[in-house]
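*Asks:* Below are the chains, spelled out letter by letter.
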Amino acid sequence: MIITKQITIETGGNGDMRDITSEVAEQVSKASVNSGTVTVFVAGSTAGVTTIEYEPGLQADFAAMWERLVPRNLTYQHNERWGDGNGYAHIRASLLGPSLAVPFRARKLLLGTWQQIVVTDFDNRHRRREVILQIMGE
Amino acid sequence: MIITKQITIETGGNGDMRDITSEVAEQVSKASVNSGTVTVFVAGSTAGVTTIEYEPGLQADFAAMWERLVPRNLTYQHNERWGDGNGYAHIRASLLGPSLAVPFRARKLLLGTWQQIVVTDFDNRHRRREVILQIMGE
Amino acid sequence: MIITKQITIETGGNGDMRDITSEVAEQVSKASVNSGTVTVFVAGSTAGVTTIEYEPGLQADFAAMWERLVPRNLTYQHNERWGDGNGYAHIRASLLGPSLAVPFRARKLLLGTWQQIVVTDFDNRHRRREVILQIMGE
Chain A
1 MIITKQITIE
11 TGGNGDMRDI
21 TSEVAEQVSK
31 ASVNSGTVTV
41 FVAGSTAGVT
51 TIEYEPGLQA
61 DFAAMWERLV
71 PRNLTYQHNE
81 RWGDGNGYAH
91 IRASLLGPSL
101 AVPFRARKLL
111 LGTWQQIVVT
121 DFDNRHRRRE
131 VILQIMGE
Chain B
1 MIITKQITIE
11 TGGNGDMRDI
21 TSEVAEQVSK
31 ASVNSGTVTV
41 FVAGSTAGVT
51 TIEYEPGLQA
61 DFAAMWERLV
71 PRNLTYQHNE
81 RWGDGNGYAH
91 IRASLLGPSL
101 AVPFRARKLL
111 LGTWQQIVVT
121 DFDNRHRRRE
131 VILQIMGE
Chain C
1 MIITKQITIE
11 TGGNGDMRDI
21 TSEVAEQVSK
31 ASVNSGTVTV
41 FVAGSTAGVT
51 TIEYEPGLQA
61 DFAAMWERLV
71 PRNLTYQHNE
81 RWGDGNGYAH
91 IRASLLGPSL
101 AVPFRARKLL
111 LGTWQQIVVT
121 DFDNRHRRRE
131 VILQIMGE
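Protein chains in written order, with the working numbering: chain A, 1 to 138; chain B, 1 to 138; chain C, 1 to 138.
Calculated from the structure, these hints are not laboratory results.
Heads up, some of the hints might be wrong.
Copies of the same chain look alike in the list, so a pair counts if it fits in one copy or across any two.
[What the hints assert, rightly or not] Here are the computed lysine to aspartate or glutamate pairs in the EDC-like style, where the Cα-Cα straight-line distance is at most 20 Å:
{"hint": "1", "residue 1": "LYS5", "residue 2": "GLU130"}
{"hint": "2", "residue 1": "LYS5", "residue 2": "GLU138"}
{"hint": "3", "residue 1": "LYS108", "residue 2": "GLU130"}
{"hint": "4", "residue 1": "LYS30", "residue 2": "GLU80"}
{"hint": "5", "residue 1": "LYS108", "residue 2": "GLU23"}
{"hint": "6", "residue 1": "LYS5", "residue 2": "GLU26"}
Note that the structure is a prediction, hence the values are computed from the model and not measured.
Isolated chain A (complex conformation):
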């Protein structure tokens, strides 16, 4: 049994991190599937998916980590060629990755208590993002 859902989020870009746990949990609870895995996938090459304890301190710490590791204002060949100034966003997204698989049982996500599913948009502008939720199970 496979159910494919799509959620659209409007982000501000610039590292905007969105907690989508309740949307994912709701789709899983509504699906007629008892146990299985939900694949969370963000379409696009400047955003990524992971889990985090979603609170303002860690949101700031996560952003600071990216600025240390993949600074916005280095010279990027992507920017030199295409002039869109978001080379850093592509590299951050590729390192973080676009997909996550979360198991569920009895229609409940098997997350830790302080573990939320988040989409981070690294692009340098407002974006509309399609996030695919694919529920597979029995």
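Please arrange chains B and C on chain A, whose structure you already have, making use of the hints.
*Replies:* Just chains B and C, lined up with the frame of chain A:
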């Protein structure tokens, strides 16, 4: 066909890396599923899952990489707000990611010869971890 | 319904990045599965899988990121013990991760327009790589 198993590991935290390949392989070989994917997911926001050649040299190199990229003793807003001193552990876990999908065929994991499945616990103390193994296939 | 395919790629190592999107899309379109997820998994401990906008600028930027974060010429305990000089390649591969789950619907991958599936080989020599594509769906 879906089989959900859970393994519990006691870790020392502080980057403790555990090779769970044999447990995963055993569950796959015992399941009445010939080919498919096993999703390995660690519940919690201060641990992650990946593959590595599990030998002491690389365990030390992996730990040194984390200390360079996400040092324990930076100032973290998470620590300022909550006082639990494990901001670095959350950020490392979010970057590494909590899940991994490993395909199998003829009840055998399709890993490379020197490729082991490992859980790394970044927290700053002893933890009991629930690792979900979800076997899906036919 | 599960279909397991394997593609073999010859790489130059040294960060050689290969776009395998067309091979993955072809296997998905040929499979008698309408919607589902394809798991892309690279066997081996010195290569990884992610998505990127596959163009020469970002290929150079991705390589430069790895050289900043996990430099080739640091001292690695792996190299000290085994003398094979590819400690950096193992660490990069473990951080990037070996697997990716990409959903599809109506036999089409749900990727963004500029989002390609790539295998990066970090090893310090030419390698033959087995990439597993496991298509699961209905």
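*Asks:* Each hint: holds or not?
*Replies:* Tested hints:
no.	hint	in the structure
1	LYS5 / GLU130	within (10 Å within a copy, 28 Å between copies)
2	LYS5 / GLU138	both (17 Å within a copy, 15 Å between copies)
3	LYS108 / GLU130	between (23 Å within a copy, 15 Å between copies)
4	LYS30 / GLU80	neither (47 Å within a copy, 39 Å between copies)
5	LYS108 / GLU23	within (12 Å within a copy, 24 Å between copies)
6	LYS5 / GLU26	within (11 Å within a copy, 23 Å between copies)
Violated hints amount to a single one, hint 4; each of the other numbered hints is respected by the structure.
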